[in-house]
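If you read the sequences in order, they're chains V and E.
Heads up: the first sequence begins at 5 in this note's numbering, then just goes up one per residue.
Heads up: the second sequence begins at 5 in this note's numbering, then just goes up one per residue.
Quick caveat, the hints were computed from the structure, so don't treat them as lab data.
Accuracy of the hints is not assured; some may be wrong.
Note that the list lumps identical chains together, so a pair holds whenever it fits in one copy or between two copies.
In the BS3-like style, the derived pairs of lysine-lysine whose C-alpha atoms are separated by at most 30 Å in a straight line are [unchecked claim]:
no., residue 1, residue 2
1, K106, K56
2, K56, K359
3, K27, K140
4, K302, K214
5, K304, K349
6, K224, K344
7, K304, K140
8, K361, K304
9, K178, K65
10, K349, K214
11, K344, K56
12, K178, K304
13, K361, K105
14, K183, K361
15, K105, K349
16, K302, K361
17, K344, K105
18, K349, K106
19, K140, K344
20, K359, K302
21, K304, K359
22, K27, K302
23, K214, K106
24, K106, K181
25, K214, K361
26, K56, K181
27, K65, K214
This one's a predicted model, so the numbers in the text were calculated from it and none came from an experiment.
2 protein chains.
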Amino acid sequence: MDHTYAVIMAGGSGTRLWPVSRKKHPKQTLPLLGNRTLFQMTVDRLDGFLSKDRIFIVTAKEQAEVLRGQTPEIPQDNFIIEPDPRGTASVIGLAATVLAKKDPDAVMIVLPSDHYIRNVDLFRLVMRVAVDVAGKNYLVTLGITPTSPATGYGYIQRGEPLSEQFDYPAYHVKRFKEKPEQTGALEMLRQIDHSWNSGMFIWRADVILKEFARLMPRLKVALDRIGVAWGTAEQETVLRNEWMPIRSETIDYGVMEFAERVAVLPASDLGWNDIGNWDSLFDVLIPNETGNIVFRGKHKEFDTSGSLIYGNGDDRLVVTVGVQNLIVVDNGNVLLICHKNHAQKVRDVVNQLIKQKEDRYL
Amino acid sequence: MDHTYAVIMAGGSGTRLWPVSRKKHPKQTLPLLGNRTLFQMTVDRLDGFLSKDRIFIVTAKEQAEVLRGQTPEIPQDNFIIEPDPRGTASVIGLAATVLAKKDPDAVMIVLPSDHYIRNVDLFRLVMRVAVDVAGKNYLVTLGITPTSPATGYGYIQRGEPLSEQFDYPAYHVKRFKEKPEQTGALEMLRQIDHSWNSGMFIWRADVILKEFARLMPRLKVALDRIGVAWGTAEQETVLRNEWMPIRSETIDYGVMEFAERVAVLPASDLGWNDIGNWDSLFDVLIPNETGNIVFRGKHKEFDTSGSLIYGNGDDRLVVTVGVQNLIVVDNGNVLLICHKNHAQKVRDVVNQLIKQKEDRYL
C-alpha cells in the first residue's frame, strides 16, 4: 500500500503580485503564467505520481470555494479549512495531524500552491526519492543554489552525504537558518555549501509531529485535541476553539531551525521559481524579440525593452514609448507602473493601502 | 465704430495629445488645463476686449455642435463650417472673405483654439497694439524667443523697428521662414534676431486678401465666388463646390513666406505655449512637491519624480514606483506610457493606428 500524500498550502495572499493578486483572488488562484492557475499547475504537477484523492489542500474559508471549483476532481473532504491564518507551522501541524489519524504511516509532501517548476519530469523523480528518504525518518528539504543574497528565503547548510543509497544525491543538513538579514545573506551566498530552502518539505507525518511535540509543545497539545475530534460531530467546534489562540509561526522558525535528522536534496535543476514578485516573471516567461513580456491584452511598443505588460484584456490598448525595464499592470480599478528594480516595494504599496483602509483596491 | 473681429481656428485634431485628444474630441474641446476647455479659454481671453458677436469660429462639421455647446453666448451664425480640412491658408482666406463682405474695414485677429497664454492682461494689451499696427496695413505676427531648436514652428527674422510709434515695440519682418529642418532650426536658435511664429496673426481682411490674390490666385478665385454666394440661398452649394477642389495649404507656406509688409511684436512675456504635446504640460501646469503633475484621478507615488499622471477618473488608482520622467495617460480604452523625451513620437503612434485602421482607438 502506498502511504504518500500531498499537502498543498493554498492560504497565502501574495501581496507582491498586487494589483492582480487581490484579497479575494490571491495569486495561486490566478492563471498568471498561462491558461492554468498556479494552484492548478501545482496539482497537475502530481499527475501520474499521486491520485487525486491523495492530494489535500489547506486553505482559508474565503478561498476554498474558488479552489474547489478549479480542481473538481479532488474530493471535497480533502480541503482542510484554517479558521484563521496562523502561519505555516500551524498549517503543516494540522495537516500532519489529520493524515496521521487517517494513515499512521503517512508520508506527506508539503507544497506551496504558488510556485513554478519548469522541469516537471525531474520534479516527479526527485519527489519519489524524497519520499524514500523520508521513509528513513528524515525531514527532507529541497535546496536551490542561490543566485543572489536574497533575504526572502531560509538557508540550508549542507553536510555529508547520507550513508544510505538513493537514486539521487541526498545530504545531511548541518544547519537550517530562517530568513537572514542582508549581511547574513551575502555571507551565505559566498559559501558553496549553502542553498535556499525552496519551501517544499517531505516527511512522515509522525516524524514531524514528534518534532512539534519537542519544539512547539503548546501547538502540539492543540493539534492533539483537534486530532481526537477530527471526523466527529465536534470537529468544527474543537478546531475553532483550539485554533484561534494559537500564535502564528512559520515552520522555518518554529521547527526547522532546531529540527534533528534533516536532509537536503539539491533541486536547482527543477527550474524552481517562487513567483515572489513581478520581477520574477522575467525568469519564468519567455520575452518577445524586443525583450518584452506581454500578457493579456493588446500592446504596441515603440522603443521599449525589458518590460512586462500585464494588460486588462483585449479591448484595451497599452502603448509604451521610449521606456525600459518597466512593469505595467493594468488591472481592474488599479494601474501599477513600477521599475523592475523596485518590484519588492509593491508590498509596501499594499501595506500602505491596508493602513489607509482603501479596501476597494486590495 | 470698432472694426475688430476675432477668428478662432478650431478645426484641428491635436494627435500629439492622444489618447485624450481623439477624433471625436480633439484637444481644443477638452479641459486639459483645468475646468475650462482650451477653446473656452481662448474665448475667455477676449473678455472685455471684444464682444461675443465679434468672435467668429472656423471649424469642422463634426466639432461645431460641441463648440457651440461650450460657448452658447456666441451667435450661431458666427460658426463657419469648413466642408473638409484644407489647411490654415484656406481657413483664413474663407474667414477674411466673410468678414470683408460684412465690414470692408474689418481687422481680424486670427487665433488658434488650442494654445495657452499665461499672461492674459498682457495679451489684451498686445492685441490692442497689434490691431493699431494692422490698421497701417501691416500683416502682424507675434514672435516668441526660441528656447530650443524646435522644428514645429515657423521662424521670424526681425528687422528694423517700425517707423510709426506704438505703445509696444514693433519691428519689420526681414524674413518669414516656414517650419525648418533640424540644422536650420539650430542655426536660427543661435541668431538673436530670430523668433518663433506663435501662429497668431492680426491684419485687415482686405490686406490679407490682396496677398492671397498675389500669392495664391487660384484659392482667391474660389474665395471670391464663395464671397458672392455668402448669405444667399446658394451659400452652402457654392462653398462646397469651390472648397472641395482646393489644395490643402498652410498660411505659413502659402502666404507668409512671400508676403510684404509683415510686422512682428515680441510676445515671449505672454507666457505662450502651444500645448503641442504631452511634454509641454510640464511648462504650463504646476507640479507637486515631488515634481509630478497629477491630473484627474487618484495617484500614489513611491520614488517617482518628473512625471505626468493623467488619470481615468476618481475611481481608478494609479500607483507609480521607482519611475522618473514618465507621461502616463490612462484614458478610455487606451493606456499610454511614454518617456518625457519621446513625447513627439505620440504622433507616430497615432499615424500607425490610422494606417492599421484601428478606429476605435483614434
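A quick look at each hint next to the structure:
Taking identical chains as interchangeable, the C-alpha atoms of K106 and K56 lie at most 30 Å apart only when both belong to the same chain, with a minimum of 16 Å there against 88 Å between chains. In this assembly of identical chains, the alpha carbons of K56 and K359 never lie at most 30 Å apart, being 41 Å within a copy and 53 Å across copies at closest. Proximity of K27 to K140 under the C-alpha cut-off of 30 Å is found in neither arrangement, the shortest distances being 40 Å within a copy and 73 Å between copies. Taking the shortest Cα distances, K302 and K214 never come within 30 Å of each other, neither inside one copy (54 Å) nor across copies (53 Å).
Proximity of K304 to K349 under the C-alpha cut-off of 30 Å is found in both arrangements, the shortest distances being 27 Å within a copy and 13 Å between copies. For the identical chains of this complex, K224 and K344 are neighbours neither inside a copy (43 Å) nor across copies (60 Å), given an alpha-carbon limit of 30 Å. For a Cα distance limit of 30 Å, the shortest separation of K304 from K140 qualifies neither inside one copy, at 56 Å, nor across copies, at 54 Å. With identical chains, the CA atoms of K361 and K304 are at most 30 Å apart between copies only, with a shortest distance of 14 Å across copies and 35 Å within one.
Within a single copy, K178 and K65 get their C-alpha atoms no closer than 38 Å, and across copies no closer than 81 Å, so neither meets the 30 Å cut-off. Taking the shortest alpha-carbon separations for K349 and K214, neither the intra-copy value of 39 Å nor the inter-copy value of 66 Å comes in at or below 30 Å. When the C-alpha separation of K344 and K56 is checked against a cutoff of 30 Å, the pair qualifies neither within a copy, at 38 Å, nor between copies, at 54 Å. Taking the shortest Cα distances, K178 and K304 never come within 30 Å of each other, neither inside one copy (52 Å) nor across copies (46 Å).
For the identical chains of this complex, K361 and K105 are neighbours neither inside a copy (42 Å) nor across copies (66 Å), given an alpha-carbon limit of 30 Å. For the homomeric pair K183 and K361, the shortest alpha-carbon distance inside one copy (29 Å) is at most 30 Å, but the shortest distance between copies (54 Å) is not. Proximity of K105 and K349 under a CA criterion of 30 Å is satisfied in neither setting, with 43 Å inside one chain copy and 67 Å between copies. In the homo-oligomer, the alpha carbons of K302 and K361 lie at most 30 Å apart only across protomers (15 Å), although the nearest pairing inside one protomer, at 33 Å, exceeds that limit.
Taking the shortest alpha-carbon separations for K344 and K105, neither the intra-copy value of 47 Å nor the inter-copy value of 64 Å comes in at or below 30 Å. For the homomeric pair K349 and K106, neither the shortest alpha-carbon distance inside one copy (43 Å) nor that between copies (66 Å) is at most 30 Å. When the C-alpha separation of K140 and K344 is checked against a cutoff of 30 Å, the pair qualifies neither within a copy, at 44 Å, nor between copies, at 63 Å. Proximity of K359 to K302 under the C-alpha cut-off of 30 Å is restricted to the inter-copy arrangement: shortest distance 17 Å between copies versus 34 Å within a copy.
For the homomeric pair K304 and K359, the shortest alpha-carbon distance between copies (14 Å) is at most 30 Å, but the shortest distance inside one copy (36 Å) is not. Taking the shortest Cα distances, K27 and K302 sit within 30 Å of each other both inside one copy (26 Å) and across copies (21 Å). For the identical chains of this complex, K214 and K106 are intra-copy neighbours only, at 17 Å inside a copy versus 102 Å across copies, given an alpha-carbon limit of 30 Å. In the homo-oligomer, the alpha carbons of K106 and K181 never lie at most 30 Å apart, since the shortest distance is 32 Å inside one protomer and 90 Å across protomers.
Taking the shortest Cα distances, K214 and K361 never come within 30 Å of each other, neither inside one copy (42 Å) nor across copies (69 Å). Neither within a single protomer nor between protomers do K56 and K181 lie at most 30 Å apart by alpha-carbon distance, with minima of 34 Å and 79 Å respectively. Taking the closest pair of Cα atoms, K65 and K214 come within 30 Å of each other only inside a single copy of the chain (28 Å); across copies the shortest separation is 83 Å, beyond that limit.
When each numbered hint is compared with the structure, violations occur for hints 2, 3, 4, 6, 7, 9, 10, 11, 12, 13, 15, 17, 18, 19, 24, 25, 26.
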